[in-house]
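One-letter residues, chain by chain:
Protein chains: 4
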Amino acid sequence: METINVAVAGLGRIGKIHLKNLARNFSEIKVVAAMDVFDESKAIADEFNVPVFVKTFEELLDVPDLDAVVICSPTDTHADYVIQAARAGVQIFCEKPLDLSLERVQEVLEVVKKEGVHLMLGFNRRFDPEFKKIKALVENDAVGDPQIIKITSRDPGPPPVSYIKSSGGMFLDMTIHDFDMARYISGKRVKEVYAKATVKVDPEIAQAGDVDTAVITLTFEDDSMAVIDNCRKAAYGYDQRLEVFGSKGMVQAENNFPNNHKLYTETGVSGDLPLHFFLERYDASYNQEIREFIDALVSGSAMPVDGEDGLISIAMGLAAKKSVEENRPVKMTEILA
Amino acid sequence: METINVAVAGLGRIGKIHLKNLARNFSEIKVVAAMDVFDESKAIADEFNVPVFVKTFEELLDVPDLDAVVICSPTDTHADYVIQAARAGVQIFCEKPLDLSLERVQEVLEVVKKEGVHLMLGFNRRFDPEFKKIKALVENDAVGDPQIIKITSRDPGPPPVSYIKSSGGMFLDMTIHDFDMARYISGKRVKEVYAKATVKVDPEIAQAGDVDTAVITLTFEDDSMAVIDNCRKAAYGYDQRLEVFGSKGMVQAENNFPNNHKLYTETGVSGDLPLHFFLERYDASYNQEIREFIDALVSGSAMPVDGEDGLISIAMGLAAKKSVEENRPVKMTEILA
Amino acid sequence: METINVAVAGLGRIGKIHLKNLARNFSEIKVVAAMDVFDESKAIADEFNVPVFVKTFEELLDVPDLDAVVICSPTDTHADYVIQAARAGVQIFCEKPLDLSLERVQEVLEVVKKEGVHLMLGFNRRFDPEFKKIKALVENDAVGDPQIIKITSRDPGPPPVSYIKSSGGMFLDMTIHDFDMARYISGKRVKEVYAKATVKVDPEIAQAGDVDTAVITLTFEDDSMAVIDNCRKAAYGYDQRLEVFGSKGMVQAENNFPNNHKLYTETGVSGDLPLHFFLERYDASYNQEIREFIDALVSGSAMPVDGEDGLISIAMGLAAKKSVEENRPVKMTEILA
Amino acid sequence: METINVAVAGLGRIGKIHLKNLARNFSEIKVVAAMDVFDESKAIADEFNVPVFVKTFEELLDVPDLDAVVICSPTDTHADYVIQAARAGVQIFCEKPLDLSLERVQEVLEVVKKEGVHLMLGFNRRFDPEFKKIKALVENDAVGDPQIIKITSRDPGPPPVSYIKSSGGMFLDMTIHDFDMARYISGKRVKEVYAKATVKVDPEIAQAGDVDTAVITLTFEDDSMAVIDNCRKAAYGYDQRLEVFGSKGMVQAENNFPNNHKLYTETGVSGDLPLHFFLERYDASYNQEIREFIDALVSGSAMPVDGEDGLISIAMGLAAKKSVEENRPVKMTEILA
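Chains as they are written, first to last, in the numbering used here: chain A, 128 to 464; chain B, 128 to 464; chain C, 128 to 464; chain D, 128 to 464.
Be a bit skeptical, because a hint or two may be false.
Since the list gives no way to pick one copy over another, a pair counts as held whenever it fits inside one copy or between any two copies.
What the hints assert, rightly or not - When the alpha-carbon atoms are kept at most 20 angstroms apart in a straight line, the in silico EDC-like pairs for lysine to aspartate or glutamate are as follows:
1) 260 / 207
2) 315 / 268
3) 157 / 348
4) 157 / 173
Calculated from the structure, these hints are not laboratory results.
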């Protein structure tokens with residue numbers, strides 16, 4: 128087998144994780160180049176012995192013999208970069224979301240299809256060992272037909288309001304992971320979304336036109352349901368749980384903790400808080416995600432998360448926004464014909 | 128202090144529990160009479176040394192010096208019995224619901240008010256030690272302002288379809304407890320109900336015009352939310368959990384188990400299922416409930432659960448039914464002016 | 128079946144529990160008399176409608192048609208009372224220990240045997256639902272042959288030093304329960320005891336000639352082992368755990384808690400302490416213990432805990448004392464020929 | 128700072144782990160050479176781009192500018208290699224135990240001392256996040272003065288009998304980790320060892336002159352105690368727990384699991400077994416251990432585990448063997464003057 132030449136675009140928090148995993152854990156690939164708009168990011172590329180560092184995506188695609196690119200740049204560059212990479216015949220891993228506009232996403236997916244390249248979307252939670260276990264149990268019929276899927280997803284704190292303004296709002300920025308998880312676990316098509324949301328964390332979020340606390344009910348094509356609850360700020364940190372209730376039983380994925388100790392004192396029994404935030408909590412998932420991307424490239428098999436997964440999760444986010452605005456359940460066909 | 132003379136009407140499952148607790152755990156009261164339409168129930172009365180056994184509520188109210196009555200007869204007798212007892216000047220404990228018709232409940236409450244007797248409704252879960260602990264923590268500001276209340280409430284199996292037909296449906300028969308719990312924990316007024324429901328357990332339930340699986344979103348006056356999920360059948364038994372997420376933290380009440388053992392074998396780590404059903408799970412709550420009823424009688428203080436609590440929970444059930452029928456959120460003011 | 132007439136001797140903490148359970152939970156017996164040296168205890172007898180209250184054991188045995196007696200008086204009266212009751216042909220339940228002198232215990236057991244009455248010893252923990260579950264799993268071969276039994280047994284605080292002085296010391300007063308539990312779970316004969324002990328809680332306990340902290344290793348006839356750790360004071364309350372490690376697996380009985388809530392705040396995850404002390408923790412066991420005594424009386428079957436169980440546990444306590452004094456393993460045959 | 132040149136001797140299971148961690152996680156060092164007696168091990172060296180592969184320790188020490196060596200070869204080579212490395216002025220990390228003979232260990236330590244090199248012993252469990260947390264809590268006085276330390280340490284299965292024969296026996300091969308853990312957590316000097324042991328797993332282990340199941344009681348200089356229980360085979364896998372009971376409370380380190388899921392079905396609640404064996408369970412500890420070795424080299428500070436730690440743990444193992452042979456507590460001064 129030939130070595131696969133990979134480049135990384137964007138060396139922010141997520142880009143650095145992907146670069147580290149690509150550089151350290153694979154013998155079948157070579158990280159041939161990295162790109163970032165900031166000069167200082169060259170130090171990161173150097174740390175992992177990446178031979179080429181460039182500042183534009185065009186230059187990155189010009190690197191000779193490039194096979195695949197991992198796109199971790201800001202959301203508003205995703206659509207352009209994916210189109211450019213597809214036209215250059217380069218295989219693509221792209222962080223979610225592809226774009227905040229459904230039309231733009233559809234346009235991107237058409238180009239990808241036409242050019243015949245592979246595109247994988249970065250829904251890393253699908254690769255988390257805890258949730259993979261749940262998925263495997265569901266697939267092995269351990270709980271029978273899923274009837275109610277419950278997802279708890281709360282952040283330790285909100286991002287800056289400046290970020291929120293350009294993020295597309297909580298449903299497209301944060302809940303989008305939970306939408307994908309619900310679809311992943313259920314395996315069924317979502318037909319309706321009802322979202323109830325408010326602002327409890329910070330009034331500035333309301334001024335920015337967004338919400339920070341929500342309960343979302345999804346209805347699947349077989350009338351089974353999922354319920355997601357979100358908050359931008361949980362005082363106790365990152366809260367990521369999943370429960371699947373089915374005809375034969377129920378399975379829960381609990382939070383992950385830095386350790387399992389229990390301390391008994393005069394005042395009670397106590398232990399540590401869950402792992403702080405996504406970098407700690409989903410460390411293994413990022414590793415596994417990029418591994419499955421490389422494996423799919425090597426074997427030529429289908430990507431484990433594809434463009435349509437990206438499209439549908441965005442449509443769900445838009446449905447949730449509409450549902451809150453109009454305080455009514457919104458059919459997915461209203462959003463995505 | 129004078130001894131309080133108490134009678135029990137209805138010696139079914141719940142009636143027997145109340146009779147046992149009344150007969151065994153109080154020195155300040157005397158169970159002077161019991162009533163049941165079935166002759167065989169006399170044996171139950173005898174077991175607890177109840178001196179008088181009658182077959183009609185009229186005869187029960189004729190027992191001399193009767194102070195209070197505990198009504199555990201079928202739902203369709205509640206309204207009549209409460210009115211009769213109120214007119215006889217007897218203090219009343221009545222199992223939920225008061226009636227399935229909102230108008231009839233309002234009529235009953237007016238009579239109770241006019242006659243000046245006390246009426247306590249049997250929302251026993253408020254007296255469960257696990258949920259009382261949660262309530263106390265919420266009141267002590269341990270989790271700050273509640274933002275999302277989550278109630279999981281699933282039965283080990285559905286009642287007979289014949290029962291379902293006369294029960295008023297799942298929302299009025301089963302969810303009514305969860306509606307009351309949400310109000311109890313929140314302390315806020317509910318302004319809107321959205322219910323999504325389906326039939327997953329038994330098609331005959333659909334034929335009877337009812338649902339067996341539901342997710343219900345409540346919105347309180349301050350825009351905080353509660354989400355309830357119900358199913359008439361959980362393969363693993365009775366599932367009764369409560370979680371309160373607030374501005375300062377989160378508290379969970381887990382299921383109660385018959386024991387805490389953990390068995391490690393070659394195939395995994397295992398333990399017993401939760402306590403089987405409401406008689407086992409809420410044993411302590413029934414005891415405490417009747418104790419607080421007697422305490423309120425003795426001290427003359429307000430009943431811990433009153434007629435209005437009964438009224439509102441029924442209105443919530445009716446709102447949920449309407450929400451499912453019309454697939455839209457229903458304002459409480461549409462139901463209860 | 129004839130009603131069994133039962134009397135209770137000693138209305139201290141344990142006596143009151145037994146009286147309550149006898150008075151409330153049985154239709155097949157009648158509590159005909161109670162005895163206590165203190166006049167004030169008559170109020171307790173009255174509370175449970177016991178018709179006769181006396182101040183001496185002789186008077187108690189004179190009650191007509193007495194079938195059985197439950198002895199809960201101070202330890203130094205046990206031997207005398209058991210002998211008197213046996214000679215009166217009355218069936219006997221006696222709290223542990225029978226006596227602090229092995230010779231005296233043997234003498235008592237000979238009288239019991241000669242008179243042909245039943246004697247049950249009050250090792251209530253055998254009747255605890257948590258430990259009964261463990262026993263059942265062990266008997267059902269869920270963990271295979273027991274190889275290491277681990278017992279953690281720590282009190283929330285030491286008794287008064289005055290009590291300790293007359294208690295026979297920690298091994299005969301506190302560990303005796305754990306010795307019995309080890310034998311009960313193992314089902315094997317103990318052949319050797321090694322105890323290492325010190326004073327960590329209160330120097331006055333040392334001055335009283337006793338220890339307050341210990342680790343005891345038991346060796347059974349098949350060379351399997353048990354290890355017990357004790358302390359007279361655990362800052363966090365009553366700690367009662369049991370673990371059985373065998374050829375096929377392992378089973379643990381965890382502490383019992385007043386509730387299962389978990390509170391997540393900025394500082395960590397916390398919950399309540401275990402149930403405070405033996406009255407709370409072993410409430411169900413006292414109930415079940417006396418039920419099995421009555422059941423054995425009614426059916427005429429063997430007592431679930433008999434005089435030999437009492438004898439051996441005392442011998443083990445004496446072996447442990449000797450082991451500490453001489454800092455060497457002590458064979459049971461050195462104590463009990 | 129200069130780059131530190133490190134070599135790895137022995138590329139078995141542990142050697143490979145250390146090589147991987149050294150090669151991937153440090154920018155301040157360079158792995159300049161590896162040694163193994165088997166030709167096939169060259170592939171491992173190649174995988175991590177180690178430029179030099181040799182088959183003898185002499186050749187390894189001849190590598191120019193070598194600063195430190197990590198010794199992971201079989202136990203019977205440890206003493207020779209450490210002496211050679213010390214005489215060559217190379218800093219040393221050595222897997223436990225240094226040797227099975229106390230005299231030989233003392234000889235080695237004298238050479239190390241004379242040559243003035245650093246020596247760190249591979250007690251990796253000290254670097255486990257779970258146990259480090261316990262140590263930190265103990266040091267921060269969260270449980271007060273330790274009174275009873277409890278260590279459960281059971282393997283999923285015994286090594287081959289051929290290995291056992293040359294291992295020095297269970298106490299020197301397996302329990303040695305627990306001896307070190309007890310000392311690490313306590314911070315006190317051990318004064319006495321009592322071990323009770325038997326063969327329950329495999330009669331061939333008895334024929335090889337060893338035991339496979341044991342309970343060991345340690346007494347520290349302040350009369351506080353530790354109790355260790357070991358078995359070569361736990362049907363449910365690797366069981367590694369630690370509990371510290373002190374004057375102010377108690378802290379437990381639970382087993383680590385591959386995930387936290389709970390599955391509820393008709394038959395009970397279940398979850399996965401603990402992480403399979405030491406490679407999985409102590410993965411993070413190996414990483415952290417070698418990091419602290421490198422950090423100590425770089426900073427010139429004292430090694431976190433030194434030669435004396437190695438010496439004492441071996442002496443404790445010898446005391447335990449003697450205790451079993453003579454069935455009596457053995458003072459540490461009998462072993463190590």
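Results for each hint:
no.: 1; hint: 260 / 207; in the structure: neither (35 angstroms within a copy, 47 angstroms between copies)
no.: 2; hint: 315 / 268; in the structure: within (15 angstroms within a copy, 41 angstroms between copies)
no.: 3; hint: 157 / 348; in the structure: neither (43 angstroms within a copy, 58 angstroms between copies)
no.: 4; hint: 157 / 173; in the structure: both (14 angstroms within a copy, 16 angstroms between copies)
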